[in-house]
Structure formats: structure tokens, C-alpha cells
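Trainee: Could you build the full structure based on these sequences and the hints that come with them?
Quick note, the sequences are listed as chains A and B, same order. Residue numbers for the first sequence follow this note's numbering, beginning at 1 and rising by one. Residue numbers for the second sequence follow this note's numbering, beginning at 1 and rising by one.
Straight-line alpha carbon distances no greater than 20 Å define the calculated EDC-like cross-link-like pairs of lysine to aspartate or glutamate that follow:
# : chain 1 : residue 1 : chain 2 : residue 2
1 : B       : K271      : B       : D241
2 : B       : K271      : A       : E266
3 : B       : K293      : A       : D310
4 : B       : K176      : B       : D192
5 : B       : K293      : A       : E319
Just the calculated beta-carbon pair ranges, DEER-fashion:
# : chain 1 : residue 1 : chain 2 : residue 2 : range
6 : A       : R104      : B       : P203      : 53 to 61 Å
7 : B       : E172      : A       : G170      : 31 to 39 Å
8 : B       : P273      : A       : P191      : 37 to 45 Å
Simulated from the structure, these hints should not be mistaken for lab results. Yeah, the Cβ is synthetic: ideal placement off N, Cα and C, and Gly gets one too.
What follows is the residue order along each chain.
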Amino acid sequence: MTGSRSPVAPAAPGGAAGLPAVHGEAHWTRKGDVRLALWRKYVGRPDGKRPLLFVHGSSMSSRPAFDLEIEGRPASSVMNVFARLGYDTWCVDMEGYGRSDKHRPINCDVATGADDLAAASAYILAATGADRLLLYGGSSGALRAALFTERHPERVERLALLALVWTGEGSPTLEQRRKKLPEYLANTRRPIDRAFLRTIFERDHPGTADDRVIEAFADAVLAYDDSVPTGTYVDMCANLPLVDPARIPVPTLVLRGQWDGIASFEDVVAFFARLPNPDKHLAVVPGVAHASLHERNGAIVRHLLHAFFDRPRPVYRGEP
Amino acid sequence: MTTHARAFPAPSGAPVTGQEHWTTKKKGDVRLFLWNKYVGSPDAPLGRILFVHGSSMGSQPTFDLKVPGRDDSSAMDVFARLGYDTWCVDMEGYGRSDKHRPINCDIATGADDLEAATDYIFSVRGNTPLLVYGISSGALRAALFAQRHPERVKRLALDAFVWTGEGSPTLEQRRKKLPEYQAKHRRPIDRDFVRSIFTRDHPGTADDVVIEAFADAILALDDSVPTGTYVDMCANLPVVDPEKILVPTIIMRGQYDGIAGFDDLVRFFTKLPNPDKQFAVMPGIAHASFHQKNYAIVYHILHGFFSQPDPIYRGH
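Mentor: Structural data, given as C-alpha cells:
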């Protein structure tokens, strides 16, 4: 195991709500000469708990996405929610994001993210002693997670893909994004600011998230990054499909927000139909656009995720 | 998941209250038998489920089966212990409901039965929309009922469902006997026939002890069943229009289920207008999901769907 651990506890005191305190720990691992920052949260002791790794998208690092702490809204941190449900939760800043290294002159595309997940998963499996991970990816994080699963199915127990796009056909968001493709191709990073972060919540269907959450999210994102890599945008605009559903052999959940413009419904259904594992589930989430965990109906997403990760294993799997 | 304890508990062993009820349709000409189970009080915190059976058995063998040594073979007991008020009803022509009318009790007749059953349940429990689960032709009955009465259905679960019948190996075989089904209102059933439900798609998905207990329970109530749903499934599909099913819906599809082509179900799912919809494929399962070795997965998916939080935001 290449890496280090620096306990930071407790990260989320139980507080007035009477919820169990959640402990947070910073961890580090390496991918060659690149340092990757991991963040782990759990309740009590992590021993024997199932590791769950959250994978972030194109325009933010991992903690704003998965450990957003807002006073009076304990569910804004999905890591806290799942830690309290009994999981050993992890997230990792992809290369070029947040606290991970940003020194290489590359645009950190989806394949680079899958490399990061290979390094992060090796570290987590060694640290926990688990055989496999539960894996969640949102937006380009879903592409990273899916590609990583294609490469390392033996490390993934169950895979949840939210706000996924497969071929990109019929995607209103990508049609708009392609207008700036030459700019993304010309630079390895693109600037981000508060106005841009607001568009993530407003481009598909304004009203799906509370202003207070959007502002807290923007604060958290901008505390780590004023620019992000262009690679996943380039990939989503010009290089889809990046994954082959027929080569994703693990149980898979596909979550689709009602108004998510990142993919057409037909594209998502075509992906789902090709998944070979008979343990698969497609859920459309009502009243949700693209950034579902931070939207008003986030409880539905958390419910679906927990239900999928918690599903009993088959007693019977057919004849070999 | 902050408000719903979703981790699936093992059956607690809490005593389950069972009560029989009766209602009528056709101005009292047809008596329908209902069976209700709950734990403690029927004011169940998670809601009220109506289970709808399929073509070849009454309701209790499907949803309240007792198997020696297995305390979770009864879906009604399991869901009652989870906190639901559970109901099932024998369709006209099945089980303890009336069988005297000279009709074949097709899908539409079943949807009529569900209208009468829900009239009754609302009269004794209040007008709270129901969580409705239907399996096989029970899914067609439930879907047609939801199409007619969306205001009575809170969430709809369709297991072992078929829409157009295109690409269905089971229906291709069944059509060979269509003239026989069309010539009669009832068809005989026996133990071998019940066993064939479990072996026709993929032998091995169910334990023999469960199959035999299921056959015992069915044959204690019926030695023949109506032909109407078979005729409908062989000759009259589609009998429901997904675009007219307005309620939140889940399609539950067994990996080996031959009743429908996978593409048939995907097309149906795509046309459902409610944005709250799901499609679950269940590994190692064929057609009669509650009685298969992987039944715990079926319970888990259904509980997850029925206990899903309501949207806070629904758009403008």
C-alpha cells in the first residue's frame, strides 16, 4: 500500500439532532509521481463495514460533492448519511482536482480518472482488507467509475451510475457544451466561478435545488479550485462512447434524473438494456435534474442507492 | 434514506393478525373473498398493499403461503411485519370467490374485481390510495385497474408482466392450446401443471418443498381455473396502454422469465409517463418470483419501491 493516513475526528458531531457522530480521516495515495487525496468517513469503528467509494464529476472535487456540510441539513453530506447507515465511506479527488496533484500538463480525461480509481481502490482495499468496493459515480464520475469497472470488475461489488451519458446522442447539454469544444481542446484547464456553478443547477430545470445549498456548494467547490481540467468535457463532447455496457459484468444501478439534459432517455435505456449482469436496476428520479444529491429530492436518490447497495445476494445463480 | 429505515429486516416473528373479508360486485351477484394481514394495528405506517394474483391460483397460495420450517414464505407476513397493512383478493372464478357465472373471467373482469375490492378496502380503512402489486396476469389486471382508477393507486408494481407478447416463449407455447381455452370457461389444473410453472423457463429456481406446498395450497382451493386471462394473453394483447398508466410504476423482471421478451418490457417502460418509474431485473428468478430461491431479492426490491420517499419538488 502506498499512502498515508491522518485522522481528523470527529468531522460531523451528532449535534442537536441526536445523530451519531461521524469520524473523518484524510488519506493519501500515489499514482506514480501524482499524489491523490482520499477522504474517509464512518461511524464508530470501520472494521467489517462495506467500503463505498464515491466518484465526483467534471467541475468539482470530491468533498463538495459528497461531504457538503450545511447547518441544519445533515443529509447534505451523503457520506455522513451512508456512514450512519453503516457503510465505510470514501471519496477521492481525481488528479487535477481539489487537494490532489495538479502539476502534470495533461487535461485529466475520463481514462485518467479510471487510472486514479485503480490507485484509490488499491489503497482502500488494502486499508480495509475488503475484497471489493461498492462504487458510485455521478456525471463524468459515472463514466470514470464505469470505465474503471470495465478494467477491474474484480474490485467492484456493485456499481451505481448517476447522471450517466453513453453515446451522447440526443443530449441537449452536450450539444450546448460542444460550442466551446475548441476552447476546451486548446487548454488543459478551464476556469470556474460561482456563476458557472449555478448553471449546473439551472441549465436543465431551475428550481430543483435550494439557493442555500447551491451557494454552500459553490463556496465549497471554489475553496479548492478556481479552475478544473478540461479532459472529461472534451471526452463527453468528442469521444463518446467511452465505455461498453456489454463489458460491465457487475450488478449495476442506473439512476436518471427526470430533467437531466446530459443524456437522452433513449441513450440511457439502450445502455441499460446491454448490461449483461441479470442483477440490474434502472430508476428515473422524479423532480431531479443533473446534480441530484444536492437537489431537493436528494432523499429519493439516497434511498435508491441504499436499497441497491443493501440488496440481498442471490442464493441461486443458475447452472454454471 | 434519512427518514426511511430501509435496511431489510428479517421477519421479526411478531404475531400477524389475519382476517377474512367479503364484498360483492354486480349488485351483489358475485361474492369476492378478501384476506387481510397486519401486525398490531391496521393503521400501518408504511401504507396499505393490495396483492393481485395470476392466472392459475387463488390469492392466499401466492401471497400467504405456509411452508414448514420457513417463516418468510408468506409475503403478507413479511410485509405486515415491515409495517404495511396487507390485502389480497380472490378474483372471480378463483379460490373462495364465486364461480357461478358462465364467463371466462378475463383481464377486464379482474380489473372489475379490483374496483370492487378497493371500494371495500376504502370503506373499512379510509380512502388512502393503495400500494398495488400484481404478478403475471395479476400485473395485467393491476395495470388495467390503475389505468381506470389512477386515483386509487399510490404506487404500482408489475412483476412477471407482459405487454404486447412479442418475443414471449411462454405465450408461443401457450397459444398451441388457444382453441381449447377459447372453447371453455375453465381449464383443469393439477400438481404437474403447478410444477410446470417452476420448470418451464429454468428448472432449479425454486425448492421442491416450496413448489409442493404451493401446489397443495392451490389445489386445496381449485381443481380448475378460468381461461380468460390465458385467452387474453395469447390472443388479445396488448390489453393495457402504458401511456395511460399515470402512477409511479416499477417493472420487476425475472432473469429467466419467459412470459415476455425483454424488449417488450423496455418499450412499455419507456412509454410510462410518470417520471417516478423503475425497471428491476431480478437475478436467478424465473416467473413465480415470491416462491423462488431468490425471493428475498424480490421482497427487497418491492419494499424499496413501496417505501420510497415522496418527491418534495415536482416542478412547475
